[in-house]
Every structure is written in structure tokens, then in C-alpha cells.
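Colleague: Spelled out, the chains give:
Number of protein chains: 2
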Amino acid sequence: MKRNLLLAPGPTPVPEEVLHVLGQPIFHHRTPQYRKIFANVSQRIKDVFLTQNTVYTFTGSGTSCMEAAMINFHNLGDEVLVVDAGKFGERFGDIADAYGLKKTVIKIEYGDAVPPAMIEEALKKNPKIKAVCVELCETSTAVVHDIKAIGAVVAKTDALLVVDAISGLGADRLETDNWNADLVISGSQKALMLPPGLAFLSVSEKARKRMADSNLPKFYLDLKLYDKALKADDSPFTPAITLVVALDKALDIILKEGMENVFARCSSLGDYTRGELKKLGLQVFSNAPSATVSAALVPEGIEGEKLVKVMRDEKGVTLAGGQGHLKGKIVRIAHMGAIRKEHIDEGIAVLKETIEELTVNAK
Amino acid sequence: MKRNLLLAPGPTPVPEEVLHVLGQPIFHHRTPQYRKIFANVSQRIKDVFLTQNTVYTFTGSGTSCMEAAMINFHNLGDEVLVVDAGKFGERFGDIADAYGLKKTVIKIEYGDAVPPAMIEEALKKNPKIKAVCVELCETSTAVVHDIKAIGAVVAKTDALLVVDAISGLGADRLETDNWNADLVISGSQKALMLPPGLAFLSVSEKARKRMADSNLPKFYLDLKLYDKALKADDSPFTPAITLVVALDKALDIILKEGMENVFARCSSLGDYTRGELKKLGLQVFSNAPSATVSAALVPEGIEGEKLVKVMRDEKGVTLAGGQGHLKGKIVRIAHMGAIRKEHIDEGIAVLKETIEELTVNAK
Numbered sequence: 002m003k004r005n006l007l008l009a010p011g012p013t014p015v016p017e018e019v020l021h022v023l024g025q026p027i028f029h030h031r032t033p034q035y036r037k038i039f040a041n042v043s044q045r046i047k048d049v050f051l052t053q054n055t056v057y058t059f060t061g062s063g064t065s066c067m068e069a070a071m072i073n074f075h076n077l078g079d080e081v082l083v084v085d086a087g088k089f090g091e092r093f094g095d096i097a098d099a100y101g102l103k104k105t106v107i108k109i110e111y112g113d114a115v116p117p118a119m120i121e122e123a124l125k126k127n128p129k130i131k132a133v134c135v136e137l138c139e140t141s142t143a144v145v146h147d148i149k150a151i152g153a154v155v156a157k158t159d160a161l162l163v164v165d166a167i168s169g170l171g172a173d174r175l176e177t178d179n180w181n182a183d184l185v186i187s188g189s190q191k192a193l194m195l196p197p198g199l200a201f202l203s204v205s206e207k208a209r210k211r212m213a214d215s216n217l218p219k220f221y222l223d224l225k226l227y228d229k230a231l232k233a234d235d236s237p238f239t240p241a242i243t244l245v246v247a248l249d250k251a252l253d254i255i256l257k258e259g260m261e262n263v264f265a266r267c268s269s270l271g272d273y274t275r276g277e278l279k280k281l282g283l284q285v286f287s288n289a290p291s292a293t294v295s296a297a298l299v300p301e302g303i304e305g306e307k308l309v310k311v312m313r314d315e316k317g318v319t320l321a322g323g324q325g326h327l328k329g330k331i332v333r334i335a336h337m338g339a340i341r342k343e344h345i346d347e348g349i350a351v352l353k354e355t356i357e358e359l360t361v362n363a364k
Numbered sequence: 002m003k004r005n006l007l008l009a010p011g012p013t014p015v016p017e018e019v020l021h022v023l024g025q026p027i028f029h030h031r032t033p034q035y036r037k038i039f040a041n042v043s044q045r046i047k048d049v050f051l052t053q054n055t056v057y058t059f060t061g062s063g064t065s066c067m068e069a070a071m072i073n074f075h076n077l078g079d080e081v082l083v084v085d086a087g088k089f090g091e092r093f094g095d096i097a098d099a100y101g102l103k104k105t106v107i108k109i110e111y112g113d114a115v116p117p118a119m120i121e122e123a124l125k126k127n128p129k130i131k132a133v134c135v136e137l138c139e140t141s142t143a144v145v146h147d148i149k150a151i152g153a154v155v156a157k158t159d160a161l162l163v164v165d166a167i168s169g170l171g172a173d174r175l176e177t178d179n180w181n182a183d184l185v186i187s188g189s190q191k192a193l194m195l196p197p198g199l200a201f202l203s204v205s206e207k208a209r210k211r212m213a214d215s216n217l218p219k220f221y222l223d224l225k226l227y228d229k230a231l232k233a234d235d236s237p238f239t240p241a242i243t244l245v246v247a248l249d250k251a252l253d254i255i256l257k258e259g260m261e262n263v264f265a266r267c268s269s270l271g272d273y274t275r276g277e278l279k280k281l282g283l284q285v286f287s288n289a290p291s292a293t294v295s296a297a298l299v300p301e302g303i304e305g306e307k308l309v310k311v312m313r314d315e316k317g318v319t320l321a322g323g324q325g326h327l328k329g330k331i332v333r334i335a336h337m338g339a340i341r342k343e344h345i346d347e348g349i350a351v352l353k354e355t356i357e358e359l360t361v362n363a364k
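Chains as they are written, first to last, in our numbering: chain A, 2 to 364; chain U, 2 to 364.
A couple of the hints might just be wrong.
Note that identical chains are pooled: a pair holds if it fits in a single copy or bridges any two copies.
[Said to hold, decoys possible] Straight line, CA to CA, 30 Å or less: simulated BS3-like cross-link-like pairs of lysine-lysine:
#  : residue 1 : residue 2
1  : LYS307    : LYS353
2  : LYS342    : LYS330
3  : LYS37     : LYS316
4  : LYS225    : LYS104
5  : LYS310    : LYS126
6  : LYS330    : LYS88
7  : LYS310    : LYS342
8  : LYS229    : LYS108
9  : LYS225    : LYS131
10 : LYS250    : LYS3
11 : LYS280    : LYS316
12 : LYS330    : LYS229
13 : LYS88     : LYS229
14 : LYS103    : LYS225
15 : LYS229    : LYS328
16 : LYS328    : LYS310
17 : LYS232    : LYS310
18 : LYS330    : LYS37
19 : LYS207    : LYS129
20 : LYS37     : LYS131
21 : LYS108    : LYS328
22 : LYS250    : LYS310
23 : LYS307    : LYS229
24 : LYS232    : LYS307
Worth flagging that the hints you see were computed from the coordinates, not collected in a lab.
Turn these sequences into a full structure, and let the hints steer you where they fit.
Modeller: Following this line, the structure appears as C-alpha cells:
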């Protein structure tokens, strides 16, 4: 099987020129050579976040960075508001529980986006809430949240807006500074077109004021250690050198295209993908479609997990299935990063063919 | 400058066949293809640790794993004994402080190994000590600790023996199970010959009994989440896929040679390296020489930092300098992983040449 078409919402395909960098001999990180690259990367990634603030780089999965966003700005017992509109919203709540933060959960039906008015109401009802945690793109349901409107609501309060943009950054529009997103989290293996292993966090001035007082225990994820190292364009702990060097190359590609073009491309490819899914007679899932990933309900009589498995193991096309109670019920196709129309066309053709085969077999 | 000879004690050179794997297109991790590789890697890395127990894989720097070893087995206020014989011993103490553990520090002169009798005495004096934290190879001083003797002492008590083998594993002999090392920590960028980004932790049965009760807050480093995922040969959070696949290749190389041969090679290359350093008229630093890395005092009248810089930036040979109060006073040369006699010879020749040049210039 020669085909290896990756259309899952992360990891996404890594461009040839980035793969080339990943295969190069390694060099030491406590050197001017590495520091120069890291300084350059740390500066240029701000253009992807659309922020003027510091963006921290962690060696870890995206979840490590969600945790960093929760534990560097809070004290034991602080109240946080968590939007649970899917698997990743739920994770914010789990982290809050692990660290003794008191969470209020706004539970949203899978497939829906949170109405900003619900957040406004919750903040009015409980002025002690210190943070509002929400996904940009809730990857598990292919929903994009209205961060701009939520930011306007949260900015009027003392609470911080924490945005999990792990899958969405660089695909769904997010204007970190303009929209008052205080803490924005992302990961390397989505629209940044790298293998997984790096995570990123931008920190607003409003959030920074909270850092000194935070009493939750931390070491590896303690931003104060990162601040100290950043003064010398360094990391406090040995970084994933090859991924940082590869990020430099990926940023070349992204910033050459320009963020406005990137947003427009992903948005338009999302529209196209959903159009093609509808042409197959499938019902699009998500009442707030994202530029990152789209989802469709698996037709009646077909097992979703089998559909994904056959496409992947027999035909070399990797889509994602559903998570949580959507397991077996939806398929998800990403349209971010290096994914282009021809990849979507190939994926949709194989999806059509496989649905037909499974339908015949089911009869 | 064509030469790129990496002789620092991590990151170490990555073999060609491993670099080739790192440059391959990525695939998804929630697949049978990835799970098979991860299962294989998780099983075979036990042979490097010389353990029958589970070895956990983290996406992170080695320090993340030191933290995991501290926070999964303790409760707030627990007492720990930290051997501080260099920069990395000190780090155990910093992590203990961050999490509200009470530390007793055995401070050892840089260059010396801790006498096991000192640990025995400390444990007798304070039977409440729950863990003894020590480096296998203290990378900053090129000292190897007598883990076998320390293990025999700690095994007689209720304390756990926590061994930071980040640099030493797969170079300095460590028989995890035979020597009663309860928690052994390592990283990818040393004798495992990979880029940095993965860290590993082996957990003994004695340690495992402590896990359920541990009340220190954690999420990303919570081993209970890893245990659950491991049942399906999976990770709880998106792993650094390319590094795991590359580890599979690195383990092929290591286990084909065999651990006994690997230990003998590193030990003998260490002897050779120190012999060559002495031939240059340099004084070897470390009263307990390691098979991982060797150190020598920089000759009087030469600035150690300049020596390292000239060798690296003008001649393409990366040694390590000193850390902490040894800054500028020693140079360190690794002899683990893919480093062979011809690399040491080249490094020593360039060291000799550069010392001569700097001596002439100083006159």
C-alpha cells in the first residue's frame, strides 16, 4: 500500500522541506547557533498568534501546556469556568480538579458552540471566577467558538480568557491581542505542520500580573524558570532541538503565505470539504463549522469505526472517527496545515468508495 | 566549516539510520501501526534498564521525568534525602522544594562520589525519609555513583531509591532490578542516541505501592493516566511520534550490540579518553570516573569558556564546559552512544591544538 494520506486533525502531514530538516544531524542547544534559531522562532511565532506578548515553548504534548496555563496563574481553591463542549473542554475540567481549583462547567451539547451570553451570565452570577476556559476549535466536534465575542465579555471582568487553540491556531482565525485572549495554548502537530512534541503558550499582561502570586506547585511547567532562561534566548530544560529547528522552517512557509491568506485558505477549504460531504449525502455535524476540521455523521447501517479502519488500513487514508459518545458516529476530516484541495478530493473519493462497499456488504 | 563533531554529554550524535527514520513522513498515533511500535519499544527498553518492571515514556525533557518520579510517590510534607554532588543533584532538591517535600541534603564536594555509608547514616538518623535521590552519572562533574552499594543500603529501609540516569543509562552500568533501584529516570538524547524530547521512568513494585496514596497534584505527569493508556499500548496524550519510531531503530542498534558489550565499550572508551587527556598534561577531574563522560581541568592561564567556544565555533568540535562553580574550569568529553575512538581521537587532537594556540596567544 503506497498511499499515506493523513487527513486527521493532528498529527497533520509534514511538508518535505520540514522533513528534510528533521533528518539533519543534531547540534548542541547551549550554543549561539541554537539560541539564534530559538530567538527567531520565539519572535516569529507571535505573528501566527497575532500577539505582541511572549509566546513560551514547551517540550511536551499540548496537554502539558493546558496545564501550564492553569497552574501558573491560579491559587488553590480559585474558581474557574470551563466550557465543556467536547472531549478537550472536559480536559480543562480534569486539570482543574487535579489541582484543587473549583470549577463551574457550562455543558454544551456536542456539535454546538457556547453562546457568549451564557458565559456573560455565568460571570455575572459568580464574580469570583478567575478564568474562563474554552476551545478555539473543539477538535472532537469540529465546532469553532466565537472567541472574539467571548473575549469582549471576559475583558470586562477580572477573569482571564484561556483559549485552547491546540488544533485551531493557524487555521481558524484567532486575533490573540485584539480579541483579549489572555492565555492561548497551541501544539506543533496541527496547523504548524510539525510532528508532535512542542507546545506553545502566549501570556497577556493581564495574565502576567497573576503569575507572581500563584501558589500551585510546579517545576517543569513553571513559567518563572522559562522567563529567566528566555533572557538568554534559552530554555530552562533541554528542548526538543530538532522540532525547534523544524519549526523555523515551518514558520518560513506559513509567514511567507501570510496569516490572512492562511485563514482564508483553511476557511474556504473547510467550506469545500463540507460541500463535498453533503454531495455524498452525508449530514454535516457541527452547528458552528470550523476552518480546522469538519465532521459528518456516518450513514445509518455503517459502523463508523469500521469505516475509518478500512480506509486507513486497506486504502491508506487516515480520517479521524468520533470520540466520547460520538465514537463510531462521525468521521472527521482536517483541512489545515499542508492539506490542499487535491488531498480532500482524494480523501472524499475514498470515503465515497468505502461507504459504497460497506453498504453493499451490509445488505 | 564542514566538521560537526558532537562530544558533549547530550545531545549526542544521532546515527545515520536513526536520522533517516526522523525524516520520514508522519503517521497517526491512534492506530494499530503506532501501537505495535510503541508496545515493542516499551518492552525492549526494559532490556536497557535491566528491569522487568514497566518503563513509562513521557514527551518532555528529562526534568519532566525527574518531577514525575518525585510527585507520583509522595505526599505533601514527606521527607526526602537528596545527594547534591553537582548541578543535577541540586535539581532534585529544587523539585522537592516546589512541591512542599522536606529535603535533607547530603552535600558532596564537586568531583567526589557520595559514600554509601553517608546515606546509610542519614537513613538511620531519620527513619522518616521516604526517598533517596541520587544521580547515576552526575553529568556536571563526570562522577559515577555506586548505585549497587547505595541500593543495598536503601533496600533495607522503607525508602525508595530514585536514580537520575538521564545521562548515564546505557553507558554506566546500572542493573535496575538487581541493584534495587526503585525509580530510574532517563532521557532520549544521551546513550539512546536520539534527539531530546522523550524521557523514561522505570517503577519497581515497592514504588508502585506508594502511587495510589500520593496526594501531590499532577495531571500531565500523572502515572495513573499512563497506566490506563498502556493497557491499550497507548499514551494518554499525543506522543512525540517521530521520536518513538526513531527509538525503535536506536534500540535495534543498542540491543544488537548487547548491554554487556555496550557497558564494556563505554567503560573502555572512558579509560582511553582519560588516558589521552593525561597525555596532554591535563588533570582528570572526578574521583569516581564515569563511562558516560570524562572531565579535565583547563590548564592555568587559559579561559575554559574561550577554549570551548573556539573549538566549537572555529573548529566544529563541541565539548562541554563546566557548570555552576566549575564554569570555565573544566572541559567535558562524552564517550557514550554513537561516539567511537576515532571521534575521541579527533576531539583530543583539536583540544591539543587549541590549547597550544591559546597558550601562545596568552604569552
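Colleague: Now, for every hint given, state plainly whether the structure supports it.
Modeller: Here is how each hint holds up against the structure:
Taking CA atoms no more than 30 Å apart as the test, LYS307 paired with LYS353 passes inside one copy only; the shortest distance there is 14 Å, against 65 Å between copies. Within a single copy, LYS342 and LYS330 get their C-alpha atoms as close as 25 Å, which meets the 30 Å cut-off; across copies the closest is 59 Å, which misses it. Taking CA atoms no more than 30 Å apart as the test, LYS37 paired with LYS316 passes between copies only; the shortest distance there is 19 Å, against 43 Å inside one copy. Taking identical chains as interchangeable, the C-alpha atoms of LYS225 and LYS104 lie at most 30 Å apart whether they share a chain (25 Å) or sit on different chains (22 Å).
In the homo-oligomer, the alpha carbons of LYS310 and LYS126 never lie at most 30 Å apart, since the shortest distance is 46 Å inside one protomer and 60 Å across protomers. For a Cα distance limit of 30 Å, the shortest separation of LYS330 from LYS88 inside one copy, 15 Å, qualifies, whereas the shortest one across copies, 53 Å, does not. Proximity of LYS310 and LYS342 under a CA criterion of 30 Å is satisfied intra-copy only: 23 Å inside one chain copy versus 49 Å between copies. When the C-alpha separation of LYS229 and LYS108 is checked against a cutoff of 30 Å, the pair qualifies only between copies, where the shortest distance is 26 Å, while the shortest distance within a copy is 39 Å.
For a Cα distance limit of 30 Å, the shortest separation of LYS225 from LYS131 qualifies both inside one copy, at 20 Å, and across copies, at 29 Å. For the homomeric pair LYS250 and LYS3, the shortest alpha-carbon distances inside one copy (27 Å) and between copies (22 Å) are both at most 30 Å. When the C-alpha separation of LYS280 and LYS316 is checked against a cutoff of 30 Å, the pair qualifies only within one copy, where the shortest distance is 21 Å, while the shortest distance between copies is 62 Å. Within a single copy, LYS330 and LYS229 get their C-alpha atoms only as close as 48 Å, which misses the 30 Å cut-off; across copies the closest is 24 Å, which meets it.
Taking the closest pair of Cα atoms, LYS88 and LYS229 come within 30 Å of each other only across two copies (17 Å); inside a single copy the shortest separation is 34 Å, beyond that limit. Taking the shortest Cα distances, LYS103 and LYS225 sit within 30 Å of each other both inside one copy (24 Å) and across copies (22 Å). In this assembly of identical chains, LYS229 and LYS328 lie within 30 Å of each other by CA distance solely across copies; the values are 19 Å between and 44 Å within a copy. For the identical chains of this complex, LYS328 and LYS310 are intra-copy neighbours only, at 13 Å inside a copy versus 56 Å across copies, given an alpha-carbon limit of 30 Å.
Taking identical chains as interchangeable, the C-alpha atoms of LYS232 and LYS310 lie at most 30 Å apart only when they sit on different chains, with a minimum of 20 Å there against 48 Å within one chain. In this assembly of identical chains, LYS330 and LYS37 lie within 30 Å of each other by CA distance solely across copies; the values are 26 Å between and 47 Å within a copy. Within a single copy, LYS207 and LYS129 get their C-alpha atoms as close as 16 Å, which meets the 30 Å cut-off; across copies the closest is 43 Å, which misses it. In the homo-oligomer, the alpha carbons of LYS37 and LYS131 never lie at most 30 Å apart, since the shortest distance is 37 Å inside one protomer and 43 Å across protomers.
With identical chains, the CA atoms of LYS108 and LYS328 are at most 30 Å apart within one copy only, with a shortest distance of 19 Å there and 55 Å across copies. In this assembly of identical chains, LYS250 and LYS310 lie within 30 Å of each other by CA distance solely across copies; the values are 26 Å between and 33 Å within a copy. Taking CA atoms no more than 30 Å apart as the test, LYS307 paired with LYS229 passes between copies only; the shortest distance there is 24 Å, against 50 Å inside one copy. For the homomeric pair LYS232 and LYS307, the shortest alpha-carbon distance between copies (21 Å) is at most 30 Å, but the shortest distance inside one copy (51 Å) is not.
Checked against the numbered hints above, the structure violates hints 5, 20; every other hint is satisfied.
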